[in-house]
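2 protein chains.
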Amino acid sequence: MNNSFSQNRRQFLSTIGASTLTIPTLTDAFGRAVSAQPAPDRKLGIALVGLGNYSKNQLAPALQQTQYCRLAGVVTGTPAKADEWMKKYDIPKANVYDYKTFDRIANNKDIDVVYVVLPNSMHPEYVIRAAQAGKQVICEKPMAITEKECQSMMDACNKANVQLAIGYRLHYEPFTKEVIRLGQEKVFGPIKFVEASDGFRIGDPTQWRMKKVMAGGGPLMDVGIYAVNAARYVTGEEPISVTAQFSPKTEPEKFKDVEETLFWQFTFPSGAVSNSTTSYTTGIERLYAACEKGWFELSPAFGYGPLKGRTSKGPIEQPIVNHQAMHLDGVCKDLLDGKKLPDHVTGAEGKRDVRLLQAIYRAAETGNKIKLV
Amino acid sequence: MNNSFSQNRRQFLSTIGASTLTIPTLTDAFGRAVSAQPAPDRKLGIALVGLGNYSKNQLAPALQQTQYCRLAGVVTGTPAKADEWMKKYDIPKANVYDYKTFDRIANNKDIDVVYVVLPNSMHPEYVIRAAQAGKQVICEKPMAITEKECQSMMDACNKANVQLAIGYRLHYEPFTKEVIRLGQEKVFGPIKFVEASDGFRIGDPTQWRMKKVMAGGGPLMDVGIYAVNAARYVTGEEPISVTAQFSPKTEPEKFKDVEETLFWQFTFPSGAVSNSTTSYTTGIERLYAACEKGWFELSPAFGYGPLKGRTSKGPIEQPIVNHQAMHLDGVCKDLLDGKKLPDHVTGAEGKRDVRLLQAIYRAAETGNKIKLV
Numbered sequence: 002m003n004n005s006f007s008q009n010r011r012q013f014l015s016t017i018g019a020s021t022l023t024i025p026t027l028t029d030a031f032g033r034a035v036s037a038q039p040a041p042d043r044k045l046g047i048a049l050v051g052l053g054n055y056s057k058n059q060l061a062p063a064l065q066q067t068q069y070c071r072l073a074g075v076v077t078g079t080p081a082k083a084d085e086w087m088k089k090y091d092i093p094k095a096n097v098y099d100y101k102t103f104d105r106i107a108n109n110k111d112i113d114v115v116y117v118v119l120p121n122s123m124h125p126e127y128v129i130r131a132a133q134a135g136k137q138v139i140c141e142k143p144m145a146i147t148e149k150e151c152q153s154m155m156d157a158c159n160k161a162n163v164q165l166a167i168g169y170r171l172h173y174e175p176f177t178k179e180v181i182r183l184g185q186e187k188v189f190g191p192i193k194f195v196e197a198s199d200g201f202r203i204g205d206p207t208q209w210r211m212k213k214v215m216a217g218g219g220p221l222m223d224v225g226i227y228a229v230n231a232a233r234y235v236t237g238e239e240p241i242s243v244t245a246q247f248s249p250k251t252e253p254e255k256f257k258d259v260e261e262t263l264f265w266q267f268t269f270p271s272g273a274v275s276n277s278t279t280s281y282t283t284g285i286e287r288l289y290a291a292c293e294k295g296w297f298e299l300s301p302a303f304g305y306g307p308l309k310g311r312t313s314k315g316p317i318e319q320p321i322v323n324h325q326a327m328h329l330d331g332v333c334k335d336l337l338d339g340k341k342l343p344d345h346v347t348g349a350e351g352k353r354d355v356r357l358l359q360a361i362y363r364a365a366e367t368g369n370k371i372k373l374v
Numbered sequence: 002m003n004n005s006f007s008q009n010r011r012q013f014l015s016t017i018g019a020s021t022l023t024i025p026t027l028t029d030a031f032g033r034a035v036s037a038q039p040a041p042d043r044k045l046g047i048a049l050v051g052l053g054n055y056s057k058n059q060l061a062p063a064l065q066q067t068q069y070c071r072l073a074g075v076v077t078g079t080p081a082k083a084d085e086w087m088k089k090y091d092i093p094k095a096n097v098y099d100y101k102t103f104d105r106i107a108n109n110k111d112i113d114v115v116y117v118v119l120p121n122s123m124h125p126e127y128v129i130r131a132a133q134a135g136k137q138v139i140c141e142k143p144m145a146i147t148e149k150e151c152q153s154m155m156d157a158c159n160k161a162n163v164q165l166a167i168g169y170r171l172h173y174e175p176f177t178k179e180v181i182r183l184g185q186e187k188v189f190g191p192i193k194f195v196e197a198s199d200g201f202r203i204g205d206p207t208q209w210r211m212k213k214v215m216a217g218g219g220p221l222m223d224v225g226i227y228a229v230n231a232a233r234y235v236t237g238e239e240p241i242s243v244t245a246q247f248s249p250k251t252e253p254e255k256f257k258d259v260e261e262t263l264f265w266q267f268t269f270p271s272g273a274v275s276n277s278t279t280s281y282t283t284g285i286e287r288l289y290a291a292c293e294k295g296w297f298e299l300s301p302a303f304g305y306g307p308l309k310g311r312t313s314k315g316p317i318e319q320p321i322v323n324h325q326a327m328h329l330d331g332v333c334k335d336l337l338d339g340k341k342l343p344d345h346v347t348g349a350e351g352k353r354d355v356r357l358l359q360a361i362y363r364a365a366e367t368g369n370k371i372k373l374v
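Residue numbers (our numbering), protein chains in the order written: chain U, 2 to 374; chain R, 2 to 374.
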């Protein structure tokens with residue numbers, strides 16, 4: 002792995018003409034050394050696959066602010082969208098693909114990174130095809146619907162010597178980084194209890210998120226995953242068991258295919274416990290950690306910002322940033338530097354969460370406590 | 002019932018010399034008609050049974066502020082405490098009892114109301130003895146350990162034609178009254194989800210609260226009951242099923258007798274659901290209700306105040322009051338007026354909560370969903 006990664010690093014840096022750059026001591030928004038004025042040709046070219054809401058309203062605007070990457074191409078099945086995006090973002094026709102022509106992206110030197118923003122069920126296919134095209138890959142969360150699919154995606158990226166990042170934008174967000182520090186460094190003593198919940202009232206019942214075959218489930222797959230990830234990142238531990246409960250469906254027609262509200266409880270090796278709620282029928286968004294000597298909280302904790310936080314000692318003060326720009330720049334800076342991405346934003350992390358999502362559903366379906374080790 | 006209550010009302014009002022008072026149209030802190038200047042002899046004489054923390058630090062100071070009642074006597078097994086209280090609160094020796102002499106309180110015209118502030122396991126005996134002594138009764142929450150005991154207590158009070166209030170002080174507290182209004186009047190639409198949790202890190206492991214035989218259980222009996230009561234008072238509904246989970250014990254020696262942390266989930270007839278945590282090892286105190294068109298929250302939600310609240314439309318503004326004084330005056334005003342106490346502060350309400358506490362333990366012990374109807 003390390004060998005193939007190093008080899009790949011040299012290939013990749015050579016491809017983008019960056020391997021011989023010297024890095025002065027100026028620092029970027031991450032406090033890391035960067036060149037004084039990154040030349041435009043050092044920005045990685047990103048192609049967005051799937052032009053839904055997240056691409057349109059979050060990623061494309063963020064890519065106008067990024068320092069280490071730029072919007073270089075799109076992949077869409079809708080010709081009208083292709084026209085609109087080419088015009089709006091000055092994208093050359095050569096960088097626009099549909100799902101049939103997608104694999105030809107392998108020959109496009111403008112595109113360094115493929116960001117898969119499709120419905121969950123399509124993540125494996127397009128991550129694997131992107132890897133096979135020799136592109137670095139970013140994939141939205143949840144990484145996939147099953148753990149097995151996650152493994153296939155990781156295998157494909159490893160085989161192609163490309164890196165795979167998952168859309169864990171919060172790991173680059175200052176309030177989140179601060180609560181990770183507070184938890185993992187035991188600033189208020191060991192964590193005893195976490196309440197992490199994320200839910201909202203979903204609109205259009207015909208969207209893919211309401212179809213089990215495309216989404217893999219309901220709110221747990223979409224926003225509950227934030228609470229799963231958060232319980233792990235504040236404790237720095239992997240849960241050893243889980244119990245879970247479906248709520249009854251108050252709108253059975255709307256929720257005929259996926260759960261409406263779901264609760265789950267994790268136990269961690271240290272004895273810390275968590276209790277969580279996710280819902281498509283009601284709003285809640287909070288990450289609360291009670292420690293032996295105090296507590297800390299974010300609410301809102303998982304949305305696109307601004308997040309807001311406080312502790313038993315007072316408010317958490319952090320800069321307000323564009324989450325997506327921080328995420329894209331964070332990933333692309335490492336790719337440009339030829340560094341291995343931090344484990345907790347990679348496919349390995351995506352797979353850990355997907356395994357837990359599957360276990361939560363199994364616990365809720367059976368009523369049993371599911372052991373995870 | 003109604004007949005015996007009316008009969009009792011006449012007896013009681015006659016006893017305290019209040020039956021022939023005319024009530025002018027001035028109003029009190031509750032917005033209810035009161036006499037312009039209540040004469041001191043209209044204040045009900047209260048005897049506190051059990052001089053632990055709650056009596057010493059909350060009830061006795063509150064009784065210095067009350068309009069409709071006063072601290073008239075004490076019942077304690079500790080002579081040193083008796084001396085201290087007599088001196089501090091100018092209590093005549095004739096109004097001081099121990100647990101053997103307690104029943105003689107029947108002959109004491111200074112004492113109108115007995116407030117039982119003993120460990121949970123002793124509530125039934127002392128409530129029943131107080132009723133048999135012909136006194137009005139207030140009993141701390143939880144009313145008792147078992148539903149059956151609650152019924153015995155209610156029966157004894159009915160038989161003696163006295164009223165029984167439970168220490169549900171929050172029903173007289175302005176922030177709580179406001180969230181009850183927001184929930185039950187559906188100001189933000191129907192409630193879909195409630196998170197109600199109460200826990201703290203307990204100190205002295207030798208206290209009676211840590212002994213199952215005296216407390217009936219751990220944090221659920223002590224503070225979890227607030228979350229049970231709250232889920233009911235904001236929805237205005239009775240749960241139809243419950244699931245619950247014990248957390249593992251991280252301090253098994255300390256928690257050898259009672260649970261350390263416990264989660265439970267209620268389902269209500271409307272489809273509303275709740276998720277709750279109680280703990281003696283970690284702090285959490287919140288009542289959050291997500292409705293179809295907004296949300297409201299109190300945090301702190303259950304402590305002695307000040308409580309703090311907000312809604313999806315902004316902060317909840319309410320006066321800061323002494324909870325115990327409001328509770329004592331609220332109950333005693335009704336007793337003085339010869340009114341039947343509101344159902345949700347009586348033994349009937351206490352019994353509903355105790356039934357649910359028992360069901361939560363059963364659900365956690367068996368891992369089964371327990372039906373409640």
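Wrong hints could be hidden among the right ones.
All copies of an identical chain are treated as equivalent in the list; a pair is satisfied when it fits inside any one copy or across any two copies.
Dumping the calculated DSS-like pairs for lysine-lysine here, alpha-carbon to alpha-carbon at most 30 angstroms [what the hints assert, rightly or not]:
no., residue 1, residue 2
1, Lys370, Lys213
2, Lys294, Lys255
3, Lys187, Lys88
4, Lys110, Lys89
5, Lys57, Lys294
6, Lys94, Lys212
7, Lys160, Lys309
8, Lys110, Lys187
9, Lys101, Lys89
10, Lys314, Lys257
11, Lys372, Lys255
Everything labelled a hint here was simulated from the structure, so no lab data went into it. Note that the structure is predicted; figures quoted are calculated from it, not measured.
Going through the hints against the structure:
1. With identical chains, the CA atoms of Lys370 and Lys213 are at most 30 angstroms apart both within one copy (24 angstroms) and between copies (26 angstroms).
2. Taking the shortest alpha-carbon separations for Lys294 and Lys255, only the inter-copy value of 18 angstroms comes in at or below 30 angstroms, while the best intra-copy value is 44 angstroms.
3. In this assembly of identical chains, the alpha carbons of Lys187 and Lys88 never lie at most 30 angstroms apart, being 50 angstroms within a copy and 48 angstroms across copies at closest.
4. Only within a single protomer do Lys110 and Lys89 lie at most 30 angstroms apart by alpha-carbon distance; the minimum there is 22 angstroms, versus 87 angstroms between protomers.
5. Taking CA atoms no more than 30 angstroms apart as the test, Lys57 paired with Lys294 passes between copies only; the shortest distance there is 27 angstroms, against 44 angstroms inside one copy.
6. In this assembly of identical chains, Lys94 and Lys212 lie within 30 angstroms of each other by CA distance neither inside one copy nor across copies; the values are 33 angstroms within and 75 angstroms between.
7. Taking CA atoms no more than 30 angstroms apart as the test, Lys160 paired with Lys309 passes in neither setting, with 41 angstroms inside one copy and 56 angstroms between copies.
8. Proximity of Lys110 and Lys187 under a CA criterion of 30 angstroms is satisfied in neither setting, with 46 angstroms inside one chain copy and 59 angstroms between copies.
9. With identical chains, the CA atoms of Lys101 and Lys89 are at most 30 angstroms apart within one copy only, with a shortest distance of 24 angstroms there and 88 angstroms across copies.
10. Taking the shortest Cα distances, Lys314 and Lys257 never come within 30 angstroms of each other, neither inside one copy (45 angstroms) nor across copies (32 angstroms).
11. In this homomeric assembly, Lys372 and Lys255 come within 30 angstroms of each other (Cα to Cα) only across copies, at 26 angstroms, whereas the closest approach inside a single copy is 32 angstroms.
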